[in-house]
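Asks: Sequence:
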Amino acid sequence: MTNKEFIATLAQRTGCTSREANNRVRTLIKAMTEQLTEGNQINVPSFGTFEVKKKNERISVHPTTGQRMLVPPKLVLGFKPSTTLKELFQL
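The numbering of the sequence shown is my numbering, which starts it at 132 and goes up by one.
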C-alpha cells in the first residue's frame, strides 16, 4: 500500500477529506518522531512497541579484501509487535 492509497483509505473510513487525513498522518508521524528522538518508547495497544536501540561498535570484515573495519555505534529504530498482532499472522 502506498502513502497515497493509505491516505485515501483513511479519509474514506473517517469521513474526512484527503487533505485532512494527510494532515492527521503527518501530525502523528511528527509526534512519534519527536518522542523517539527524545529516547522515549511508543506503545500502541494491539499493534506493538516502537523504540530506539543503541547498537554498539563492532569489528566487521570486508568479504572481498578481508580487511577489518571498525563500525561505529549507531541508533536504530526497533519494532516489537504485540501478541495480538503476532496471532493474526501465524500460519
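Among the clues, some could well be false.
[As the list claims (entries may be wrong)] Heads up, simulated DSSO-like pairs for lysine-lysine below, C-alpha to C-alpha not over 30 Å straight-line:
| id | residue 1 | residue 2 |
| --- | --- | --- |
| 1 | K185 | K217 |
| 2 | K184 | K217 |
| 3 | K205 | K185 |
| 4 | K135 | K186 |
| 5 | K135 | K211 |
| 6 | K184 | K205 |
| 7 | K205 | K217 |
| 8 | K217 | K135 |
| 9 | K161 | K211 |
| 10 | K205 | K186 |
| 11 | K186 | K211 |
| 12 | K185 | K161 |
| 13 | K205 | K161 |
| 14 | K161 | K186 |
| 15 | K211 | K185 |
| 16 | K217 | K161 |
| 17 | K135 | K161 |
| 18 | K184 | K161 |
| 19 | K184 | K211 |
Worth flagging that the hints you see were computed from the coordinates, not collected in a lab.
Asks: List in ascending order the numbers of the hints, as given earlier, that are violated by the structure.
Replies: Structure breaks hint 4 only.
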